[in-house]
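Visitor: Start from chain B and add chains W, V and E according to the hints.
4 protein chains.
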Amino acid sequence: MNRIETKHIKDVKLKDPILVEGLPGIGHVGKLVAEHMIDELGAQKIMELYSSHFPPQVIVLADGTVRLVRSEFYAVDTGSRHLLILVGDHQSATNEGHYELTDAYLQVAAEHNVKRIYTLGGYGLGQLVESPAVLGAVNNLALVEEMKRYGVVFKENEPGGGIVGASGLLLGFAALSGIDAICLMGETSGYLVDPKSAQAVLKVLCKALQLNLKMQALEERAKEMEKIVARLREMEQAGIHEVTSEEDLRYIR
Amino acid sequence: MNRIETKHIKDVKLKDPILVEGLPGIGHVGKLVAEHMIDELGAQKIMELYSSHFPPQVIVLADGTVRLVRSEFYAVDTGSRHLLILVGDHQSATNEGHYELTDAYLQVAAEHNVKRIYTLGGYGLGQLVESPAVLGAVNNLALVEEMKRYGVVFKENEPGGGIVGASGLLLGFAALSGIDAICLMGETSGYLVDPKSAQAVLKVLCKALQLNLKMQALEERAKEMEKIVARLREMEQAGIHEVTSEEDLRYIR
Amino acid sequence: MNRIETKHIKDVKLKDPILVEGLPGIGHVGKLVAEHMIDELGAQKIMELYSSHFPPQVIVLADGTVRLVRSEFYAVDTGSRHLLILVGDHQSATNEGHYELTDAYLQVAAEHNVKRIYTLGGYGLGQLVESPAVLGAVNNLALVEEMKRYGVVFKENEPGGGIVGASGLLLGFAALSGIDAICLMGETSGYLVDPKSAQAVLKVLCKALQLNLKMQALEERAKEMEKIVARLREMEQAGIHEVTSEEDLRYIR
Amino acid sequence: MNRIETKHIKDVKLKDPILVEGLPGIGHVGKLVAEHMIDELGAQKIMELYSSHFPPQVIVLADGTVRLVRSEFYAVDTGSRHLLILVGDHQSATNEGHYELTDAYLQVAAEHNVKRIYTLGGYGLGQLVESPAVLGAVNNLALVEEMKRYGVVFKENEPGGGIVGASGLLLGFAALSGIDAICLMGETSGYLVDPKSAQAVLKVLCKALQLNLKMQALEERAKEMEKIVARLREMEQAGIHEVTSEEDLRYIR
Numbered sequence: 239m240n241r242i243e244t245k246h247i248k249d250v251k252l253k254d255p256i257l258v259e260g261l262p263g264i265g266h267v268g269k270l271v272a273e274h275m276i277d278e279l280g281a282q283k284i285m286e287l288y289s290s291h292f293p294p295q296v297i298v299l300a301d302g303t304v305r306l307v308r309s310e311f312y313a314v315d316t317g318s319r320h321l322l323i324l325v326g327d328h329q330s331a332t333n334e335g336h337y338e339l340t341d342a343y344l345q346v347a348a349e350h351n352v353k354r355i356y357t358l359g360g361y362g363l364g365q366l367v368e369s370p371a372v373l374g375a376v377n378n379l380a381l382v383e384e385m386k387r388y389g390v391v392f393k394e395n396e397p398g399g400g401i402v403g404a405s406g407l408l409l410g411f412a413a414l415s416g417i418d419a420i421c422l423m424g425e426t427s428g429y430l431v432d433p434k435s436a437q438a439v440l441k442v443l444c445k446a447l448q449l450n451l452k453m454q455a456l457e458e459r460a461k462e463m464e465k466i467v468a469r470l471r472e473m474e475q476a477g478i479h480e481v482t483s484e485e486d487l488r489y490i491r
Numbered sequence: 239m240n241r242i243e244t245k246h247i248k249d250v251k252l253k254d255p256i257l258v259e260g261l262p263g264i265g266h267v268g269k270l271v272a273e274h275m276i277d278e279l280g281a282q283k284i285m286e287l288y289s290s291h292f293p294p295q296v297i298v299l300a301d302g303t304v305r306l307v308r309s310e311f312y313a314v315d316t317g318s319r320h321l322l323i324l325v326g327d328h329q330s331a332t333n334e335g336h337y338e339l340t341d342a343y344l345q346v347a348a349e350h351n352v353k354r355i356y357t358l359g360g361y362g363l364g365q366l367v368e369s370p371a372v373l374g375a376v377n378n379l380a381l382v383e384e385m386k387r388y389g390v391v392f393k394e395n396e397p398g399g400g401i402v403g404a405s406g407l408l409l410g411f412a413a414l415s416g417i418d419a420i421c422l423m424g425e426t427s428g429y430l431v432d433p434k435s436a437q438a439v440l441k442v443l444c445k446a447l448q449l450n451l452k453m454q455a456l457e458e459r460a461k462e463m464e465k466i467v468a469r470l471r472e473m474e475q476a477g478i479h480e481v482t483s484e485e486d487l488r489y490i491r
Numbered sequence: 239m240n241r242i243e244t245k246h247i248k249d250v251k252l253k254d255p256i257l258v259e260g261l262p263g264i265g266h267v268g269k270l271v272a273e274h275m276i277d278e279l280g281a282q283k284i285m286e287l288y289s290s291h292f293p294p295q296v297i298v299l300a301d302g303t304v305r306l307v308r309s310e311f312y313a314v315d316t317g318s319r320h321l322l323i324l325v326g327d328h329q330s331a332t333n334e335g336h337y338e339l340t341d342a343y344l345q346v347a348a349e350h351n352v353k354r355i356y357t358l359g360g361y362g363l364g365q366l367v368e369s370p371a372v373l374g375a376v377n378n379l380a381l382v383e384e385m386k387r388y389g390v391v392f393k394e395n396e397p398g399g400g401i402v403g404a405s406g407l408l409l410g411f412a413a414l415s416g417i418d419a420i421c422l423m424g425e426t427s428g429y430l431v432d433p434k435s436a437q438a439v440l441k442v443l444c445k446a447l448q449l450n451l452k453m454q455a456l457e458e459r460a461k462e463m464e465k466i467v468a469r470l471r472e473m474e475q476a477g478i479h480e481v482t483s484e485e486d487l488r489y490i491r
Numbered sequence: 239m240n241r242i243e244t245k246h247i248k249d250v251k252l253k254d255p256i257l258v259e260g261l262p263g264i265g266h267v268g269k270l271v272a273e274h275m276i277d278e279l280g281a282q283k284i285m286e287l288y289s290s291h292f293p294p295q296v297i298v299l300a301d302g303t304v305r306l307v308r309s310e311f312y313a314v315d316t317g318s319r320h321l322l323i324l325v326g327d328h329q330s331a332t333n334e335g336h337y338e339l340t341d342a343y344l345q346v347a348a349e350h351n352v353k354r355i356y357t358l359g360g361y362g363l364g365q366l367v368e369s370p371a372v373l374g375a376v377n378n379l380a381l382v383e384e385m386k387r388y389g390v391v392f393k394e395n396e397p398g399g400g401i402v403g404a405s406g407l408l409l410g411f412a413a414l415s416g417i418d419a420i421c422l423m424g425e426t427s428g429y430l431v432d433p434k435s436a437q438a439v440l441k442v443l444c445k446a447l448q449l450n451l452k453m454q455a456l457e458e459r460a461k462e463m464e465k466i467v468a469r470l471r472e473m474e475q476a477g478i479h480e481v482t483s484e485e486d487l488r489y490i491r
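Protein chains in written order, with our numbering: chain B, 239 to 491; chain W, 239 to 491; chain V, 239 to 491; chain E, 239 to 491.
None of these hints come from the bench; they were simulated from the model. Because the structure is a prediction, the values reported are computed rather than measured. Cβ coordinates follow ideal geometry from the N, Cα and C atoms, glycine included. Worth double-checking, as some hints may not be accurate.
List time: in silico DSS-like cross-link candidates among lysine-lysine, alpha-carbon distance up to 30 Å [as the list claims (entries may be wrong)]:
{"#": "1", "chain 1": "B", "residue 1": "Lys452", "chain 2": "B", "residue 2": "Lys465"}
{"#": "2", "chain 1": "W", "residue 1": "Lys465", "chain 2": "E", "residue 2": "Lys353"}
{"#": "3", "chain 1": "E", "residue 1": "Lys353", "chain 2": "W", "residue 2": "Lys245"}
{"#": "4", "chain 1": "V", "residue 1": "Lys283", "chain 2": "B", "residue 2": "Lys393"}
{"#": "5", "chain 1": "W", "residue 1": "Lys393", "chain 2": "B", "residue 2": "Lys461"}
{"#": "6", "chain 1": "V", "residue 1": "Lys441", "chain 2": "V", "residue 2": "Lys393"}
Computed far set for chain W versus chain E, every beta-carbon distance over 12 Å [what the hints assert, rightly or not]:
{"#": "7", "residue": "Ile297"}
{"#": "8", "residue": "Ala331"}
{"#": "9", "residue": "Leu366"}
{"#": "10", "residue": "Val367"}
{"#": "11", "residue": "Lys386"}
{"#": "12", "residue": "Leu414"}
For reference, chain B alone in the conformation it holds in the complex:
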């Protein structure tokens, strides 16, 4: 077994494609946005990617079947162009794997002649956020002004700790190949899955892609999360401590 293996599902010729990456990360913001886009746009899976750098486990599905941890590429024709959407179960579990997987993702982008990449993520603030802003980072200075027009905020040297994982490395690697790339990060507490932050990111992305997408599914999930947060606060005030650890809460879905 090679350390990374790709499985072609469907041969497609993409016109002027843009890659949107939404792998798991802080608040699962990027993943929520990308999966929402796949659902709303009816994107079709064209490729699966397996790797021994992923955590050594299988995912159990609702019907009792399992499958290996993987990343997936979906494609959809939005009229003027195709979108190529990258989602997955996990980021790399090894240091070197982050680099190797990003390289593999970018090879797929290059094969399809992708000229622009949006990577999506969360920006953890350590406290609940009422109106999440969307922070940006780019791999080409010329993109800053364009992104500001869509409402993206740029803060000097933030995130200070850098952008970790595929969302960051894709920008760095794409620069070496001359591909423009933008990372959009929705402000989020960092403690909970955050559909509200995902909505903020999606709105920016829709402007940038000139797309018109329904938000209802994300809005409903955001309301559910608000109820959970309200309940957690009540319990906290009542002095009841959840047995659920913060780590678990972070990824409530």
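Guide: Here is chains W, V and E on its own, set in the frame of chain B:
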């Protein structure tokens, strides 16, 4: 030294073999079942598998001799077919090793033309279980109904954290080779070696394999464990704290 | 992608070069000194080095652009000789990477016919230091007396835990190639970025290299840090606990 | 750089050699014994072994010079035969490295036609030991009776956790090459460097090798340790808590 080395012990031609995997894991449920089957059926070792992905240590035997950590394949003719039984001392100690070892296990299965795999494990509930159910997961939807007939329970998306290690990966890898595979997980506390959970799993497996096996050895070990649990509870009530850590307790044998 | 990739920025022929290494480490002492030298001397970047052994992230710059984590070589003509200065964002994130990166750094030194190396770092004392001494370690006994003349202190078997990372390994590797190498370690608390310790190291290095460098930038940063330390002490006396963890404080810049 | 590199120091033809391994481990028992033997017998270094599996650091010597972490082989003619003694600074820092280094050690043994190996270590009891026994484990059942004659104790399945690192793996690997190997483990607290336990192991080894060695140096170190232990106990009774962590204490020398 290669990262995985196999040592052939005995050349056998297996008829219509089914692979049963019982490597160490939660509550040592799978290991208890597989070792019990080897003993009761008088299965014979046909192969050993060594790897630098295993923990770097030797096992000390009762007679003062040692041997390298390894996995072992046993075979036995049950009349209508052969069983191939996979047991071992440890799972992989590295991320990549889980994938490489599973691949090696599956190669052995493929060489013997295995058409079905049962992987065995525990499902940790975090509390003591009086009547452990046996949860299932499969790599082919058609298997769900069959397994339900043997009393296997399927719960939507459970285990939520996926199935970690060889028991999970074997299902995922086998699907790629078109081999049917079922994971049977006995409910268990997750804190103690659990022969009672092993009995529950074995009963289901015997139905599925149309085998009739004595349970006495497992029953006796279950009684021993019940005495230990009772003593622990008494000590707890009396306010005596064991020096033994939970980590150690988990694998009392 | 190879595990280490170099990118040549500028072809230069260096005369009688000395390598100065200032990668991140305790109190960021080495990094502060090396970056100060690059600024004051107007050194020019000649090479970048990328590796999958570095942490899997990108650095966000002040203008909103990002770049991959990397190490960089700068060169400057100081009149009598060239200095080759090695700086970078991070040390290796993997065990093997420390060895491979050091080997790569030394290959660059060998290509430029470097005959002497200074590696710079901090020596953590666990408490604030008023007048930091500069400890030394060498890879050739003949260097001890020379270094003592520049005010370097040698303490038997210190640091007792060895010198970890590139600053240490470069000395060990250089010895195998017959290249003289000296590690200069400024005493520091180990809890904060320490420009005062960096000044002490720079003074010694300037004597050794017969350089005359302005210290103003480091002095100003040292004053800023003193204000931060004073404020922290006041808060501590007032019983106010910072939310900032010690880990974060260590690398305040 | 290869992951393991050997450097030949001296070409020697060994007669009927026995390998004695004393790498760092619990209570540094094996290391103390092997280094004492090198000193008392005047053994000469014949080989050094470097590896990127060792911790990424250099050792600082008393004279201010440094050297890479390494393992070393010493040889000495004891009249009837040569002893080949393996010592070193550290065990492997990676899982795979333990296997690769053991393989490399055994290759050296095979080149010199070693027919028997003694590996030395400590057996941690978690409490101070007045009269440490010497436990044994072997890779050939025929060795048990011989070892018992020298006073070695064999306890069923102990150590229960196996023998970790080179001392264990050498026995397992040697068995595959048909080389007899014995592990001698001195009982020790596991918290402190233990020259008293080292004396116990050395006495057994001297009987087995028909050697007559002075113990004075180990006796003196044992007395020093007893003073340290007595002081620690007084402080404990007086309610004074050492700032030194247990981890540090473990390797006081």
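Visitor: Are W:Lys465 and E:Lys353 close enough, with their CA atoms no more than 30 Å apart?
Guide: Roughly 48 Å between the alpha carbons, so the hint for W:Lys465 and E:Lys353 is violated.
Visitor: Taking 12 Å as the cut and beta carbons as the points, is W:Leu414 off the interface with chain E?
Guide: 26 Å, holds
Visitor: Per the stated criterion, does the least C-beta distance between W:Ile297 and chain E lie above 12 Å, as a non-interface residue requires?
Guide: 5 Å, violated
Visitor: Run the distance test for V:Lys283 versus B:Lys393: straight-line Cα separation, threshold 30 Å.
Guide: Judged against 30 Å, a Cα distance of about 27 Å means the pair holds.
Visitor: Is the Cβ of W:Val367 farther than 12 Å from every Cβ of chain E?
Guide: 26 Å, holds
Visitor: Would you check the hint for B:Lys452 and B:Lys465, treating anything up to 30 Å between C-alpha atoms as holding?
Guide: 22 Å, holds
Visitor: Straight-line Cα separation of V:Lys441 and V:Lys393 no greater than 30 Å?
Guide: 20 Å, holds
Visitor: Against the 30 Å threshold, does the CA-CA distance of W:Lys393 and B:Lys461 hold or violate the hint?
Guide: Roughly 27 Å between the alpha carbons, so the hint for W:Lys393 and B:Lys461 holds.
Visitor: Quick check for students: does the CB of W:Leu366 sit more than 12 Å from each CB in chain E?
Guide: Nearest chain E Cβ is 25 Å from W:Leu366, so the label holds.
Visitor: Check whether the Cα positions of E:Lys353 and W:Lys245 lie no farther apart than 30 Å.
Guide: 23 Å, holds
Visitor: Quick check for students: does the CB of W:Ala331 sit more than 12 Å from each CB in chain E?
Guide: 5 Å, violated
Visitor: Is the Cβ of W:Lys386 more than 12 Å away from each Cβ in chain E?
Guide: Correct as stated: the minimum Cβ-Cβ distance to chain E is 40 Å, above 12 Å.
In summary, the numbered hints that this structure violates are 2, 7 and 8.
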